[in-house]
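Enquirer: Based on the hints, put chain A in the right spot on chain X.
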Amino acid sequence: MEVERGEFVFLVGASGSGKSTFLRLVLREERPTSGAVFVAGRDLSRISQWKVPHLRRQIGTVFQDFRLLNNKSVFDNVAIALQVIGKPRHHVMTTVPETLEMVGLGGKEKRLPHELSGGEQQRVAIARAFVNRPAILLADEPTGNLDPTTSVGIMRLLDRINRTGTTIVMATHDDEIVDQMRKRVVELVDGQMVRDQARGVYGAER
Amino acid sequence: MRVRFVLSQIGNGLRRNMAMATSVVLVTFISLTFVGAAILLQMQVANMKDDWYDKVEVSIFLCPGDSFAATCAGGEVTEQQVEEIQGVLASEALSDYVEEVYVETQEEAFVAFQEQFGDQDWAQRITVDQMQISLRVKLVDPELYQVVADEVAGRDGVEEVVDQRSILEPLFLILNRTTVMAAGLAALMIITAILLITTTIRLSAMSRQRETSIMRLVGASNLFIQLPFMLEGAIAALLGALLAIGGLWLGVRYIVEDWLAGTVQWVNFVSTSDVWLIAPILIGIGIALAAISSLVTLSRYTKV
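Chains X and A supply the protein sequences, listed in that same order.
Sequential numbering from 96 applies to the first sequence in this note's numbering.
Sequential numbering from 28 applies to the second sequence in this note's numbering.
No lab work stands behind these hints, which were simulated from the structure alone.
Quick list of the computed label-pair ranges, beta carbon to beta carbon:
{"hint": "1", "chain 1": "X", "residue 1": "230", "chain 2": "A", "residue 2": "33", "range": "25 to 35 Å"}
{"hint": "2", "chain 1": "A", "residue 1": "307", "chain 2": "X", "residue 2": "127", "range": "49 to 59 Å"}
{"hint": "3", "chain 1": "A", "residue 1": "215", "chain 2": "X", "residue 2": "133", "range": "51 to 61 Å"}
{"hint": "4", "chain 1": "X", "residue 1": "133", "chain 2": "A", "residue 2": "234", "range": "29 to 39 Å"}
{"hint": "5", "chain 1": "X", "residue 1": "143", "chain 2": "A", "residue 2": "284", "range": "54 to 64 Å"}
{"hint": "6", "chain 1": "A", "residue 1": "236", "chain 2": "X", "residue 2": "127", "range": "23 to 33 Å"}
{"hint": "7", "chain 1": "X", "residue 1": "167", "chain 2": "A", "residue 2": "73", "range": "55 to 65 Å"}
{"hint": "8", "chain 1": "X", "residue 1": "116", "chain 2": "A", "residue 2": "49", "range": "36 to 46 Å"}
{"hint": "9", "chain 1": "A", "residue 1": "49", "chain 2": "X", "residue 2": "110", "range": "45 to 55 Å"}
Yeah, the Cβ is synthetic: ideal placement off N, Cα and C, and Gly gets one too.
The following block holds chain A by itself, in its conformation from the complex:
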């Protein structure tokens, strides 16, 4: 009896406040879409870091014979200098950061060079002697590049330290900025949603004031009076969350999986399974929104 009664109350409330309920659904939909987009973007960033940071290394280019760099004043790097730099990389101070060091000799560099540019005319005139010895350093945590660079750069025989990661940085910067923007919009929309849900519940409570006063008179408990209002908000927010999940799923399915992943194949993109992963989070946020708003409103408008 009670369940049926509460359900009929909710039905009445939603029907009577159709326009408001719809606006709550739409606002939650949009705010949660932005929340979801921000989360997906961060997942994308994490994906790409996982993928690429394994592959990137720090290259320490050692002085060739004809360099003008200040540290190369002593001419081509000597055997002794190479060992010294290797010693630094293997030292206790850096051993936590360095995973592996690989010396690329002039011959190896030449082979790699020929492989890449061998079919060009000018490349034919390059000799082994003109190639540069370099140390390829694989880091335990690629983000801590600076520690290694500071230690090695400026030593005699080191011409330049290059972090391959820096090539990727602009891309991550764009993704991170986009995340911040999406999160900012999400925050704004969430505030709007809370205000709107609060107003909706208040209107709903006021339009049913007579009814609630009578229910109170015949001894209905607080929870029993407030439950329909709370559930009204929760249902609207839940619908919004479901719409957001649907929207994100469609976006990922048709824009990312079908189009981006086909066009740009060297990136491991987020997939619809990631959308399912964040679905519970979005639903949780949606329901929390409604719960907070109704608690605030109802404690004021439907007191015993």
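With the rest of the complex left out, here is chain X:
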């Protein structure tokens, strides 16, 4: 299958159907036993181990469990993504607040993750994934731990990010969201793609 630049794709399927593995393959955390994975035009089997970090800098990732650093402030949690790739200080000082503003967390820079609601924590994670303006955003059940209303907010945010030209691949169980968004849906069963539907819905009509 192929995902075009700037597309928004839902990956659906039962647990264990291979959604997360799909995302891990794109991040080159796993390598395919057969076949090839191309990301941003590059064959992942051909890039050397030490170039993998450069690949990951072009990909933002969001998880169900947020994966924030609990002892660091919101600002630091987002800033770390720029710091580890050696961005200059003034760049960090301007970009991080901008991005936090964009995800709707303006003014909460100094909070610690446990002082925020689940939805806000996920926004921090999205800010961290997006602060480097990656071409691709991978989301592994980003709404899995959130209530429906909060989830809708998160989806609006992801939609806005998608409109900036960022390709988004989102693995999810959330049928309501998939049905609402009417984006391309790819369904996996036991690692095989069984459906690829433009403007699709969660449950297949077949």
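Expert: Structure of chain A alone, referenced to chain X:
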């Protein structure tokens, strides 16, 4: 930005693992102290050899009139025998080993004897005739004494060959044994240090697994993730090395220079400048310890 970030990472790591870091510092301190002590002991041995081997000589005592040695059966050594032995020492086979030969006549031996014991009653009754002719041989390399001794001993007219060096040997033996002991303890402590540093880095890496996984996720390079851990180990080992140098310096300054050198004046002791000489070696070993341990650990625990 990067430097500051790495530094803050190191600070966090050291603070969180204070007890472990301290134990790494102490273990490196002790192991490097033993390494340094072994090196200093060997320097002391070398010092003493330099000093004394210049002065020691091989004495070939020739038969006096009343000797019972088998080679002296022919009575007192003759002029001809003396020349013969001198000939042997000057021969091609020995010329590489012998630097200088000096014949001490009965008269000279008598003068030396009187100088040493002249004030004693019994010494007054000794006459020149009772003194012994001897050849004093200075060797190029005092350690090769045996070559000369084998060649000369047992010849007619030679009563005994004495190596003055043998008087010093027991002392060197003690120093060498002590060195071996210090080196053995150093080796044990170094193994302990490596195991401890490995464990410390592993713990540190495990306690920060979440953090490193996130850093990896946002595209931090391997080196960037591992550097703080490596530097943590290196800093701890470096502190240990500095403590060891300080400890050795204090030991040499107050035990050797102030006390031993004042009490035993005929020995040229190692000094604090020797400690500075071996300081870079100790620091090098300390950092190598940390580097080896972290390479081994990190390649396993913080893979991309």
